[in-house]
Amino acid sequence: MYTDRLLIIFILGTYLLSPSLIDWWSEGGRAWYRPYLVWLGLIALSYWIARSRDVDGL
Amino acid sequence: MSMAYSVSDLILIAGAYLLFLFLVAWITEKGWIPARLVRHPAVYVFSLGVYASAWAIYGSVGYAHAYGYNFLAYFLGISGVFLLAPILLAPILRLTTTYQLSSLADLFAFRYRSRLAGALTTVMMVVGMLPLLSMQIKAVAESIQILTGEPDPAWVAFWFCLLITLFAILFGARHATARERHEGLVVAIATESLIKVAAFAAVALIGLFGVFDGPSGLGLWLDQHPEMLSRLYAPLQDNTWHSLIMAFFVSAVVMPHMFHMAFTENLNPRALVSASWGLPLLFLVMALCVPIILWAALASNATTSPDYFTLGVGLANGGGGAVLGYLAGLAGASGMLIVAILSLSGMCLNHLILPASPLNSAQDLYRNLLWTRRVLIAAILALAYVFYRLAGPNHSAVELGVLSFVAALQFVPGLIGTLFWPSGNRNGLFAGLCAGFAVWLAALLLPMIYPEWHAQHLVEMFGLRRAEGMDHWNQVAIVSMVLNGVVYAIVSIVTPMSRAERTAAEACAVDSLRRPYRWDLSAQTVDEFVTALSGPLGPGTAAREVDMALGDLQFHANETRPYALRRLRDQLETNLSGLLGPSVAHQLMDDNLPYKPQDGESSEDIQFIESRLEQYRDRLSGLAAELDSLRRFHRQTLLELPMGVISLGGDGEIIGWNRAVEHLTGIDAEHTIGSRLAHLPAPWGDLLSEFGRGEAMHEPQRHLEVDGQSRWLSLHKSLIQSPGPSEQAGGLVLVLEDITELRQMESHLAHNERLASIGRLAAGVAHEIGNPVTAIACLAQNLDGECDREEQNLSASQIMEQTRRITRIVESLVTFSHSGGVRDTVQGPVNVAAAAAEAIALLLLDPDHRTQRFENHCAPDLEVVGDPQRLLQVFVNLLGNAADASDPDEAIRVASEDHGDKVRIQVEDHGHGVPEELRAALFEPFVTSKPPGRGTGLGLALVYSIIEDHQGTVWVESPIDGDRGTRFIIELPRFTAGALSTY
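Each protein sequence line maps, in turn, to chains A and B. The first sequence begins at 333 in our numbering and counts up one residue at a time. The second sequence begins at 235 in our numbering and counts up one residue at a time.
It should be emphasised that the hints constitute simulated quantities derived from the structure, not laboratory data. Since the structure is predicted, the reported quantities are computational estimates derived from the model, not experimental observations. Glycine included, every Cβ here is placed at the ideal spot set by N, Cα and C. You may find that some hints are simply not true.
Distance ranges between label pairs, derived from CB positions [unchecked claim]:
{"no.": "1", "chain 1": "A", "residue 1": "Tyr347", "chain 2": "B", "residue 2": "Asp761", "range": "48 to 54 Å"}
{"no.": "2", "chain 1": "A", "residue 1": "Tyr347", "chain 2": "B", "residue 2": "Asp243", "range": "29 to 35 Å"}
{"no.": "3", "chain 1": "B", "residue 1": "Gly448", "chain 2": "A", "residue 2": "Tyr347", "range": "37 to 43 Å"}
Covered stretches of chain B, as calculated for chain A (at least 3 residues, CB under 8 Å) [unchecked claim]:
{"no.": "4", "segment": "302-311"}
{"no.": "5", "segment": "440-449"}
{"no.": "6", "segment": "501-515"}
Generate the whole structure from the sequences, applying the supplied hints.
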């Protein structure tokens, strides 16, 4: 049961990374679809986790 | 801009669209759509698309125009929530399904064990949601206004509200409670989302290909208008981004329509896993459409306000684009309105109406609930309409929506407390909610309704500068939420918490197991439950609810186990919670089915904790999983222990009943756990409860008659120390051992030992007596014939006769003494029929038996393993005894039977039988039924001894024929080719 720790790491990580992420995003110029790519990457990761997860816990 | 549409057309489209949705719901509930499809995760994912209200369709384009990329926060917020679904949402789903909680107010009322928490949450939720609800009404009314040029949207809004009221009642308020899940509603809302996304994407495609000639054209246009991109990026550097994301993140969980679709209407818990990637994907598609629609509208010089660019693109490009935009907006608005109002009406019913009005058993409960719910639906929509009339005309859709999203933030501290902080209490919740909500009310809501109201002083009080627009709401969002959280934490820490609240808090907290206590109920039977609940619910409803709870638990109606009754009470509270809300249900149970007053501490309900642990198994990892494996190992050890183990709680309830006890008593653990020893069936109830109460810690040999059979038990008990430091009574462990077989073996051994010692004695006696008797016989022989007197000769010959008799006795003693012990015996096949025939021939030589009728029915080919001479002895002894007991004309029968690897031989007569007092000791030495002088009592002891040596058994049945007859039965190993090697 390490979900709490995982959650804290995730939120902290997102918070720490967000300025540089937003900077990178802002410098996109014509590549306005950059955030969507990151988003798509997260969805793919989530899909992969959902596939490999033992869903009995839910 | 051509006004090609009339108001009636558009209202008709709305009516037809809603009717179509209703038909979808109706055929689903009729069961015409396969259950596999209805429960498919995709249906759940699309039904969660209800989040995309008119804000997503209209507002987000306007927002993107005004605040650039910040519009993404709306879509990223909900995506974030669902990406974290297994961590964030799964625990809430588990709570809502376990305790039948259908709204956030239910959850808070359950967690904080307070009616007030539920009522406060409901009121704040209704007030907080009014702006978002009125925004939907405004969006639909204004979209019709834009498409038709109708000058007064208020009456259109009125008709739209009426239509929604009607359909909300049709969709969700046909059943009394939120307890039944509405499959129809779920499928209808999923269809609604599908239509919404398709129409929205179609508008974007019209923009992309109609205005820009495809992606390359869009790229070219962006090159020519670089200010479009810089306007998109610029607001990212604002500080509003974080609080925006936060607000949308939270609202995706706490807003009533989301809570309702995600948790209350969840038909398949595993679908949450699919939603963790499916829903973000759905919103990615929608978010991708937003900038394209914005640029297409700007490029085609759309004349609408930016909030309605989705319509503007269609209007500027002709065709059906505008209708598609309208349909998308209508779908978003109506779906959100219907679900939110259904959920809010349920909350009001459970937390405002029912607690205030006592239940009246004379009326039909279910019908009353249904009508109250319908009235509430109409009332809430009326409130939303009034709010729209008050604030709608002067404020944009975005402003209205943001108001509700900031209000949703006020529930964050309470929710975090529910999931992660069991020490947060109701006082903290009240104080925090009131503080946060007051700030929201004073700084955001009131200025919107009364423009002359200024929150200047309030804002300055917190040392903030006066700000406008987004900066202002950002300030209010941060201030109100921080204030709310700090007050919640401080008040929770300094004020005490009731035990009931602590129990509920532990039940809710992630990673914690509820540790319930065993309290005795005043009601002792299921019937008493029904009687107790008949007061408030009416007899019919009470019986139905109790039956349903029994069915849920799969218990019988004759259940009296304290454990089962406690579970029944919990289940009833859970079910009634779905019907009446948790606070009313809790109060109802406390009033009508109270626990008995406790003296001192109660024991923990270990059985319940264990069953919960079993359910949680898959969620354990790391140290917890290791500990669980260890627990399982110990538990399994106890369970499989070849000795009966019964463990009792401090209050005498049975909490452990292992397999050996099940086997020994023939009573299943399932029917025993949770009851008391005295309630066990006879003879176990009396035996065990008496031993449990008694002083003695051991009872090594306890005799018991079970089903007419004699059983011997060895009983032990030991006190279990209470695991905590408290003085509370620990439990008791009883250990039962079945020693019946041991007792039998002991008596068998004792018998053999007795035979052996008599054998040794006999050998000594024979030796000591033999010599003098021989001398006497010799002397008597000398005397015989030497005396002159006839009398002396007669005496001498009588002495010789008597010495011969002594010699016979001595010989039989010697034979007996030689029968025990190890010696070289000839082992080989012995034909049973031949041995019996030989014995019969020998007996017929005896003048006493010459006329006896012997019948040899032995099968001629049956052979046993053994020593022929000794087996002959067995036959001679048995047949001789039979002849002694029978009249000369009575037949004596010897027969053999094939019993697989054994041969059974029966010797039976129809003589006087064995007296009852001798039967038990018949094979003991010196036991005989013959008159004195006729038998030594060693014959049958010898038979027993010989048969034992041959690995066989012998027993007697008498009488066999009325009150006469005796049958000796011998079982000996059958001779086979390999049989000898085992000797």
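Hints versus structure:
1. A:Tyr347 to B:Asp761: 48 to 54 Å: violated (59 Å)
2. A:Tyr347 to B:Asp243: 29 to 35 Å: violated (50 Å)
3. B:Gly448 to A:Tyr347: 37 to 43 Å: holds (39 Å)
4. 302-311: Per the Cβ count (3), the hint holds.
5. 440-449: violated (count 0)
6. 501-515: That given contact holds, which follows from 9 residues of the segment 501-515 of chain B lying within Cβ reach (below 8 Å) of chain A.
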